[in-house]
Amino acid sequence: MKLPTRFGLLPQLLLGFVGAGMLVAVVLWTGNRMLERSSERLVTTLERHVRPLARLHSLQSRLGGLRNLELELGHLDDVFALQSQVSRLRAEITTLDTEIGKFSVTLGQTSPNEAQRLAGHWRDYRSRLGEQARLAAEMDLASVRAITTSGSHLPYLSIQALLNEVAEQTEAAADLAYRKATDDQAAQRWDFLKLVLIGGLVIFIGLAYSGRTVVRRIGILSEHAQKLATGVESGHIAISPHDEIGDLAQAFGAMRQQVLTRETALRLAQADLERRVQERTADLKSANRRLVRFSQVVEQNPVGILVARIGGMVEFVNPAYCRITGRSSDEIIEQPLIEVIHVADPLDADNALRVATAGGIWELEQPSRRGDEAYWERLRLGAVLDERGRATHLLLSREDITEQRVQMEKITYQAHYDLLTGLPNRALANDRLLQAVSRARRDGGRAAAMFIDLDNFKEVNDTLGHATGDTLLRQVAQRLVGAVRGDDVVARLGGDEFLIVASGLNHGDEAAAIAEKVIAAFTEVFKVDERELNTSPSIGIAIYPDDGTEPTVLLRNADLAMYEAKDSGRNMYRFYNRSIHDLSLQRLEIGRCLRGALERQELHVVYHPLVRADSGCIIGAEALLRWNSPELGEVQPALFIPVAEQNGLIVDLGRWVLREACATLARWRLRQDGFVMAVNVSPRQFKASGFVDMVKECLNEFAVPPEQLEIEITEGLLLRNQDEVAAILDELHALGVRLSMDDFGTGYSSLSYLREFPFHTVKIDRSFIRDVSEDRSDRALVIAAVRMAQALGLQIIAEGVETDEQWTFLVGQDCDILQGFRFGIPVTESNFGKTWVNARVSRPESDGQSQGVPFIPV
Amino acid sequence: MGWTMRRKGLACLLLAAMLPAFGTASAGEQGERALAAVKQLLDSGAVPRNASIKVAFKSGNIAALLGPELELQKEWEQRSGVMITAKVIPQQPALQNIKANPDVDLTVARTHEFPDLLEQGLVEDLSPLLKEFGFRIDGAPPQGYVRPRLQGFFGDKVVAIPADGDVLILYLRRDLLESPAERAAFRKAYGRDLAVPVTWQEYDQLAKFFHRPEKGLYGTVEQRERDTAWMFWLPRYLSQGAPYRQLFDDRLKPMIDSPAGVAATESYINTVRHSAPEILGDGKDYSYTAPIFMQGKAFSIIFTIAGAKLFNASGSAVRGKFIAAALPGNRVGGKLVRRNLPIYGNNLVVSSQGAQRKLAFLFTMWLTDPDNSLRTVGVRGGFTDPFRWNHLADQRIRDLYTPEALAVFAKEWPVALPPGTGLPGDGDYLAALNQNLWLAASGKITAAEAMKRTSREWEGFTGRQDRDRHLAWLKIFNAGFRNPDSGETSKK
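Protein chains in written order, with this note's numbering: chain R, 1 to 858; chain V, 1 to 492.
Next comes chain V alone, as it looks inside the complex (with noise of 0.2 angstroms):
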């Protein structure tokens, strides 16, 4: 027994020193690692041989995630010998389905829920996993993670592997752009050169000249549905302020019932006029205006990099005919300030409460492998958007998605913020900003008022918080604005 106890240390030793020599991750290598370790873990005695890792995705995740007919699930479980239980969750914030379902060992969060999940203890900290397995999150081309600070990390904790890239990108028609007609009418109308629009006053002069519902086409059809205003106002209100405008100041209370919040808004409640009707309905959200965008009946559309994949695709009316662009900013001081960030992304969180963490960790890290994961990139009908530097020079994702739509990109990363609010509650901030951005947008209030009243609620909310804790908290979130990405690895 002594000698297997020193046989089984010295192993442990050997692949503790081996493993921070590889910890930057290379194609397949970091998958190797993964499975390397699960190894150790069953020879060890560590992970019983029968157990199993437990996972939870949304529907459209399963196929993306798991990969086309599972085939990731079944090369891992054949590699590894740990077998995968998936199961379905529905369409709502991970906070309640990681509650709903305590056995999960291994979930999908968005980057906005991470202080909710992590001030309740639902997710785990992975820094100790990355470290005890000698694992890097590393944010460098030409292989790493894109923006990881971003999309994994709130303050030094690494809360999640992300696992998509969701920035948002400004769709326009190509053909409409550069139809001489349309420029000779824009310039008759405007005195200026139709052009890509910079500005957010630019973008709502476009959908306002391109609007003509009479002939079937809409100015834009960027989404105004409840549940999701907050994802097109944020970028905004953003970039209202240089570097960014804050939403809170560093007494918690909020800075948007102000001129910067109220001109946010009535930029954001402008569009609505030249979109399509049923654009304010309950449920219209992408899957109702990407169509549109898709089938030509409109100039403009803001989406994520998945639209290029969809208005790319065979049978889609605007193949060809469709550039994608950055997002517009607003001019601070003559300057222009352009602000993006991450508004659905399909992060890999471990559950707290999971049997099986180290094999649920090891499975994200062989998952998200730079080869690994160009095999879930790209899945038709699946959700996961590039997420590796490595992906965009993929010739099978850049013919999927177009190389122009990739460069672009790759350049509003750099511009990325985090999203939400960073408070435990973001849920309850963020849905009172959505109804009243929805009233405003409805013409029920005005802009002032919608700013108004959020900022009220907002104050109530923090009212009713440990107001020390909740400062502690956005201290943390607003270290992650400044902190740069290139380079960025977890601490060791």
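Same shape as in the complex, but just chain R (with noise of 0.2 angstroms):
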């Protein structure tokens, strides 16, 4: 059998490329040729008309030049550049008499007339040149513009004129010629597209014929292949072995047979796979399940926390973590554990990893930085353990405790310090003293308590309000910071009372100088609201160790010092010193012996008579209590009322001088119709609980008419509780009793508490009545006060009548009641039965002698 001639792939497309690259490279190599040629006669042709053309244009513009030059130089006005405008002229001269002469030279060759016509003309305007430089180098302007104005300028238009006639001559010829070198260039263009078209013909009919068969040839592979790839059965594949393409049909029919071979096993294969699949993804989900609820609590978890592996680098942080340490996620993850754990010292974080590898909880809570912000934080430093209990990783939890830390501070303070002021408290004041007198003592040195307490402060508080006050508190407090030493501790104890501990003292005159300072700091007034107020410090110092040894005597008697600074006239300071300790120790004593002196029946009271002025007569009595002290002898009521005012006795013993007072007044009411019994009743009893009904009582128990009953308080009392003071003096107001306002003129003698308060009597104070004769501003204002009195309808009663001479006076200023020892002493209920009730006085004569009951001595 004859195999058919093998002819393959390869030697048939080499054949084709090479046939057809030989026909493209002679067909260019043809067309290149025609091309240039054509393009050289082009260029010929240009270069051949157009240089001259050049070299004209050149020759004119130069000319323009020289004239314009020639034309400045006639109108320069600087001599210097006259000079050099004559050197360009010249330079320029002979420059164009170089290219004139080359230029007339070419034109001979084609123009000769032109060119013998050109150098005339440049003869003449030349010399006429030359002479204006000379004539300009002269100064000579005015023959200069002469010779440019009617002699260089018909040479020069000579000059352009034949310049022009030249060009114009050479620019037709040259189109002309031009015209002709772009015809030949078409033509030769056409043949060129000519032999491209037959060239380009021959190749693709070439082409299409080794295609097809190619082509043919493949199709019927890629219907067997398709065949395949479907499932379907095929045929023999029936394409001629003689070349690649055969060879690529008989292995593609061995391929297909194991192909359908294989296919049966992965058909198989495929099925059990997909089976293991479905359970570990069922697996997986569950997992997975679990995964997302593990991550939803540490990504959603309050704390911070960060897992890194076990001397390598940090694997995982949540967003908290990120948040409390103000770096993001990038900046922390896959950085070394210890550049991230952030402790203030580095062997904290050494230690920190130690104890936690070693399977222990580290902890600490430190201040840090959030960028700008300033927090704490907690943090706790533990491994992570697998299941077979080996430490893989370490968790690193961080907690943001500033507001736990925040809150405790403020406990802290609040302890220890006044919120109002910003000073230490009564407990630090006295840690303070404690460390001071420790202080001293060590260094055998002095240290001192100083007890401030604000005079006044109580009216300011009470009329102004508690808002008022605290600002007046806080003004102080920043005034007596002030006024100290750097190192002396200022506190508030509580109230209007402040404590300076000083420290480091060799002399108790160095406390002086810090009171006295203290005081100064006082003397400018306070303003509050736009309101100015004044209060002053009195101060009681006592020193370590001359005025006690321990913190609690030192306070107790700097406590004493002060009240003696306030008795002796306030804004002033006292050391304690011994008399301090003894009125001390009196007070004591007098509270002592007070207690059970009313069921001793140590007290007594005695009456003072109120006299009507015009007349003289006696429309009652004053009831005063008296105390003979079997241990104390006669007790002076300044003395003891205070002290009862103090320990609360007097509310007791008010109510028993009331009682005295009406059974008194129930007997004497008898014997004189209308006589008046005026009690006194101090601040703390008349608030005390049951004051009215207790008054009422009386009334009732001894059936005296109410409207005898005179109720005296003194002017402080309206200062505090005005409510509460008002609501009382309604309540006895309703019941008739008379009430009278005691010491007017002492302390605010507001015209507005007689006119609020329902007072039925005004008693002036004795230290108004005691200079009247003599002190123009007491007459003035005990003028003032009756005649205000008189005004409101009030009664009034002038106290401390001593002399006829103030009777006269008052008498003259329509004053209605007169009390004092010019009518006699205070004297016992019997006495005063004998001698005063149902009585009169004799009012003094013109000539100061008095009628009726005479003069009693004191």
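Hints were generated in silico from the structure; no laboratory data involved. Built from N, CA and C at the ideal position, the CB exists for glycine as well. Mixed in with the good hints there might be a few duds.
[Stated by the list, open to error] Example chain V residues on the side facing chain R (calculated, C-beta under 10 angstroms, incomplete):
# : residue
1 : Ala64
2 : Gly67
3 : Ala306
4 : Ser316
5 : Trp438
[Stated by the list, open to error] Between beta-carbon pairs, the in silico distance windows are:
# : chain 1 : residue 1 : chain 2 : residue 2 : range
6 : V       : Asp103    : R       : Leu35     : 56 to 62 angstroms
7 : V       : Arg79     : R       : Ala167    : 42 to 48 angstroms
8 : R       : Gly65     : V       : Val332    : 53 to 59 angstroms
Make the complex out of the two chains shown on their own, each in a separate frame, by following the hints.
As structure tokens, this is what we get:
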């Protein structure tokens, strides 16, 4: 059998490409030669005609420039510029002479007549320019201008006209040659195009034949492949095996057989694999749900969590960790744990890792920073164990505990500092005083406790309100702090009481200096809400070790000294001394003895007459308390009343006095109709619960008409708790009891008090009556008080009347009632009953002598 | 970066150490050091690579300062890499030019303008720059600047780099002076030999003698137009006293309303009678007077050394027929006192408002280098005249100006004094003087009236100023009259 001749694809392709390439090369070479020849002809034509034109143009330009120089020359007004211009003109003449000479030679070859004319005109123009240059050098600019205008103008125009004429001729010749050259070039281009078309046609036919053969056989092969892909049976592949496509067909047949065999095996394996995948997917879903829950717990945990490999890098941080530290996860992840743990002491970090790696728990609370923000955090580092109990990772939790710390610090602060003024409070002050004493004890020095109480502060607080009082206290605190030394401690003990603890003193005088600075600091008025307020300090000073060695003793003695300062007139300081101590002891002694004095009947009531001013008739009496102690003797009311007021005994004493007075009144009213009994009531008694009921009870018990009982209260009572006081006064007024304001003039002497409260009587203080004869201001006040009371319909009682002159004056002012030693001293009930009830005192005569009952000396 | 900084610092130290060693300029060296300093500034980044210098010159200065066909500008740009942007400014005071062109780095100013420029802070004190780059303003021959303390300093401050030398020189017709017929006629008329005048009276006598307008010859064509009157009056006034006559006393009271002032003014106005008819016309400056002398129509003229360049040029009718002579003076106490002054002077000033002050300064040092400046001095059509001692020895310049004229030029500098009033507002003071001198020269007022009016107006100007400050300025200015020039250097 004869095998077909084998002619492979590669030889076929090579033969085709070589043939086509040779054909293209022949076409291109031929076309290139044609175009080159055409371009050369065009360039030659252009050069032959354009160059002379360019030279002509250059010549015309230079000639124009020369003419400009010439024109400028005659009009230069600067001698230095003129010299320069002449030089340029001469240089330009020389250059142009050369240029025109060369051009004339060229021109002479084609147009000898024009060349001759050009040379002639130039010679003429050049000679005139030379003359101008010479004249300009001699500064004869008028002659220069004359030549410019009349001499050189015509030669210049002649040259330009000639050059223009030559230029026009040259341009016409150039245009003709250029058109011919472009026509030739167009013909060559058409020949080349025809050649390209023939070559392209030959190549196309060859490619079409080869392509058709190859494509048909590949189509058969493709058809069998598609059937194999779709599982359709196909028969024999009818492709002759004389080239590579035939080889491919045979190989494809063998491969088809193998594919069918393997396909069967693969289907079985696929079924098994799908079953296993479904089982595994179910397991993964379950694990994934657990993982998601765990992840949410960690992600949403408010505590910052960081997980790092032991001895390795950080693997995970939750959002809370980033929020707390102010760092992004990118800054932390894959960083060594030691570098991101961020503790102040590097040793702490080392220790933390050691403890946690060893299975322990390391904890730390520390201040930290988040950018510019400071915060407190709690760190906790421990190991994460795997299923076999081995530490594989470290878990660092980070918690922002700023809020807790702030609360804790706030509590601590509130425990030691006064929230209003920011000064140390009593507890901290005691601690500081203890420190000062300890230091003085150690150093052999001195320390001072300076107890300060503000004068008149309560009035401010009561009249202007607590808000104003608080503001004043804050300002006072600032001034105190400003007045003391740097090491001294200023504390607020409460209310308007402050304490200064001065340590490191060598002598008590140093404490005096501090006290004087404090007093000086109060000289300027305080301004609160545009209102000017005055307050002053009363300071008591106790020195360690002279006045006590224990803080409590020093504090108590300073307090006593402060009272001494108050009693001495306020706005001053007093050192604690023996007399204060003694006075304190005396007060204690009085207090001790006063307890039970009532039961022991050591107290009694005396009565002082109230006299009608115009008639001298006795209209009543004021009941006054006296104490005759078996141990202390006759104790002045000024000594025991304050003690009783202070320790609360005044309430019982006051009740007893009221009852005594009412009992006495019940008897005397039977002897003198309308007899009035005045009883002093202390502030504490007045505000004691059940006071009004007690008055009512007395009135009822002793059947005393209420209008014959007069309750005397001091003006100071009205300054505090006005609403409460007003209510009590209203109740008393409702009972029908007379109300009297005692000691008028010593306090605020407020007209509004008299108008707002239901008083019946005003008692002018004895201090004004005493000097009424000599002191004009006292006299004026008494007159004003009387007029005011009259205007308000109140009765006036003048206390402390001692002389006839005072009586006469007061009568002259229409004063209603008088009281004083002019009429006698307070006496016991029996003496009063004998002497004064239903009695009358003689009024002074104009010569100063009295009438009626004689004056009873004190 | 640290190494770069250290390397730059080291380079600066080396440069600073080397520069003082070469502080005194020698031919070509000053320019090379200026270029090296520019390179250092560019390399260190202190000046950006694309920085350029903005210069503003008057039209005649462009060629004179940047060279014919701008050849010096091209060379500077090629060698330094720094471009120059030049603009032309009008012929007006530097004060107005600098104010009108705030972006300009470098311009020119006349010597008498320094007080105004300094007072208004318009120009840079160059002393720190000289120190920084190790240059000295040397006044010593054979290379130094001519009288730098007179042309570039105000007090201790270096205000400008001199780039022109403009003392006055008397030019006379040699052919007439040497003519036997003229000599005989002069002896007959005045009883003495016809000779170069040494006093202003003799000068006036010669002008009168040779004044023959009917024959086309004027006795003198010394400028008498209004705007430059002070330049020709001041030498006459300064030489009225020995060693010189001051304009103000030590309390700022003008001293011109005096016999000395009247005498100087009369000498000034006397020439009008022997001069060209239009000599008083506005704008009739040297461009009017110099051609008259050049055409042989005048016996004498007083002009700067530039006159020699013009009169010696080809085409000049007086070429080879004129001589240059020292300026006349006055006899005081039996001794001749002569005083001269730089009247124009194109000194280079660095604007304090310029962006590239250091580069501008270095350019001036390069431009005024002994060698480089030879290429600008004597350029025809330019204003720049010799301003370094080495210029006087250069053959090309000697041919241009004549050796005789250069010798007189050298002789005049030692008697030269600072021009102007030395006070802020100098322009106003000089304008008042110019106006009154012009009125006197026109015959509208007498010389005495001119001095009285000027004195009154000057007192008015001074009264409107801070007198103490003016006194301080005057003190600095007067110190300039006393300072010697030889061997002057800038303060280190």
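Given hint Ala64/V near chain R, where the shortest CB pair must fall under 10 angstroms: holds (8 angstroms)
Does the beta carbon distance between Arg79/V and Ala167/R stay inside 42 to 48 angstroms, or does it fall outside? Between Arg79/V and Ala167/R, where Cβ atoms are some 44 angstroms apart, the hint holds.
Going by Cβ atoms only, is Ser316/V closer than 10 angstroms to chain R? At 7 angstroms from the nearest chain R Cβ, Ser316/V passes the 10 angstroms test, so the hint holds.
Should the hint that Gly65/R and Val332/V are 53 to 59 angstroms apart at their CB atoms be regarded as holding? Because 58 angstroms falls inside the window, the suggested range holds.
Given a cut of 10 angstroms on the nearest C-beta pair, is the interface hint for Trp438/V held or broken against chain R? violated (20 angstroms)
Cut-off 10 angstroms, beta-carbon criterion: hint that Gly67/V touches chain R: At 13 angstroms from the nearest chain R Cβ, Gly67/V fails the 10 angstroms test, so the hint is violated.
Hinted contact Ala306/V with chain R - closest CB pair below 10 angstroms: holds (7 angstroms)
Look at the Cβ atoms of Asp103/V and Leu35/R and judge whether their distance stays inside 56 to 62 angstroms. holds (57 angstroms)
Hint compliance for this structure: hints 2, 5 are not met, and every other hint is.
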